[in-house]
Amino acid sequence: MTTTDYSVDFRLDDLEPADDRSSEVYDLTWIGDYTPISRHDVGERSFIVAFDASATWGIPNAANIAAFDVVRDASQGTFSMRHSEHATLAFAQNWLVNRGCPSEALAPALDLPAPADPLSVRVEDRVRRSGTRLEVVGYQVIDGDDVEGWSIAVDRQDKELPVRLFIETVQPDRYSYTLREGAFADHAAVANWLEQRSTPLPEAPEYRLDAESLRTSAALARTTAVSPAAGPCVNSTAKPVNPPQSLGRSL
Numbered sequence: 001m002t003t004t005d006y007s008v009d010f011r012l013d014d015l016e017p018a019d020d021r022s023s024e025v026y027d028l029t030w031i032g033d034y035t036p037i038s039r040h041d042v043g044e045r046s047f048i049v050a051f052d053a054s055a056t057w058g059i060p061n062a063a064n065i066a067a068f069d070v071v072r073d074a075s076q077g078t079f080s081m082r083h084s085e086h087a088t089l090a091f092a093q094n095w096l097v098n099r100g101c102p103s104e105a106l107a108p109a110l111d112l113p114a115p116a117d118p119l120s121v122r123v124e125d126r127v128r129r130s131g132t133r134l135e136v137v138g139y140q141v142i143d144g145d146d147v148e149g150w151s152i153a154v155d156r157q158d159k160e161l162p163v164r165l166f167i168e169t170v171q172p173d174r175y176s177y178t179l180r181e182g183a184f185a186d187h188a189a190v191a192n193w194l195e196q197r198s199t200p201l202p203e204a205p206e207y208r209l210d211a212e213s214l215r216t217s218a219a220l221a222r223t224t225a226v227s228p229a230a231g232p233c234v235n236s237t238a239k240p241v242n243p244p245q246s247l248g249r250s251l
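So the sequence shown is numbered by the working numbering: it starts at 1 and just counts up by one.
No lab work stands behind these hints, which were simulated from the structure alone. We treat Cβ as the ideally placed atom computed from N, Cα and C, and that holds for glycine. Worth double-checking, as some hints may not be accurate.
[As the list claims (entries may be wrong)] Here are the simulated distance ranges between beta carbons:
1. T178 / D73: 18 to 24 Å
2. E44 / T178: 20 to 26 Å
3. R122 / E24: 18 to 24 Å
4. R122 / D146: 20 to 26 Å
5. S23 / D186: 37 to 43 Å
Please model the entire structure based on the sequences and the hints provided.
If you want it as C-alpha cells, here you go:
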C-alpha cells in the first residue's frame with residue numbers, strides 16, 4: 001500500500017493493514033484533514049495527536065482532535081493502527097499515555113494558544129495522568145469562532161461528586177486559554193449549570209485540597225518567621241452514574 005502526501009506522515013509506505021480495524025482507521029486518514037499537533041516516535045511505533053479540520057464540515061459538533069497509535073511490522077509488511085477522537089486536547093493525550101506514550105513527550109509542536117495560568121496547567125496534567133479514571137460521556141467542541149468548549153466525564157473514583165465538567169475558554173486577544181474542572185453530583189446538575197451559569201463553577205475537591213495545602217504552608221512559614229525559639233527576626237517580612245440521553249448537541 002502506497003500513501004500520498006499527508007499533513008500527517010503515518011509512514012505506511014509498502015505496508016498493509018494487519019487487521020480489519022487497522023484498515024478502517026486507515027480509511028479515515030483519507031477522509032480526514034489532519035494537521036499534526038504532537039508526535040512521539042519509538043522505533044516502529046508512533047503516537048500522534050492531530051487536529052482534523054474536516055470535522056467542521058461533517059456532523060455538527062464532531063470531535064476535531066484525533067489521537068493515533070501506529071505500530072509497524074516491516075518483517076511482516078503490515079501495520080496496526082488505532083485511533084480515538086476528542087474535544088479536549090488533554091483527553092487525546094491521556095488516551096495515548098494509557099497506551100504507553102510518556103506524557104512529557106506529547107507537548108504540542110504546533111503553534112497553539114498557551115495555558116493562561118498555572119491552574120490550567122494543573123488541570124491538563126491531571127487529565128493526562130488520570131489513567132482510566134475519567135470516562136468522557138459528552139462534549140462541545142471549539143469550532144470556528146467559538147471561544148468555549150467542554151468535556152463531561154465521570155470520575156470512577158469519586159462517589160459523591162462523580163460528574164466532572166472540564167470547560168475550556170479561549171482568549172484570542174492573548175493567544176491563550178483557561179481550563180477549569182467543576183464537580184457535580186449528577187448529570188442533571190451539570191446540565192443545569194451549563195444552561196443557567198448563575199453561580200461560579202463548583203470547584204473540584206482535588207483543587208480545594210491544593211489550595212488548603214498552600215494556605216497551610218503559608219501559615220507555617222509565617223509561624224516559623226515569628227517563633228520565639230528562633231529568636232528575634234531582623235529585617236524579616238512575613239511573606240455508577242448513568243449518562244443522560246441528551247445534553248445540547250453533545251450527546
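Structure-based check of each hint:
1. T178 / D73: 18 to 24 Å: Check failed, 43 Å falls outside 18 to 24 Å.
2. E44 / T178: 20 to 26 Å: 38 Å, violated
3. R122 / E24: 18 to 24 Å: Taking Cβ atoms as reference, R122 and E24 lie about 37 Å apart, which means the hint is violated.
4. R122 / D146: 20 to 26 Å: 24 Å Cβ-Cβ, so the 20 to 26 Å window holds.
5. S23 / D186: 37 to 43 Å: 40 Å, holds
Against the hints set out earlier in the document, violations occur for numbers 1, 2 and 3.
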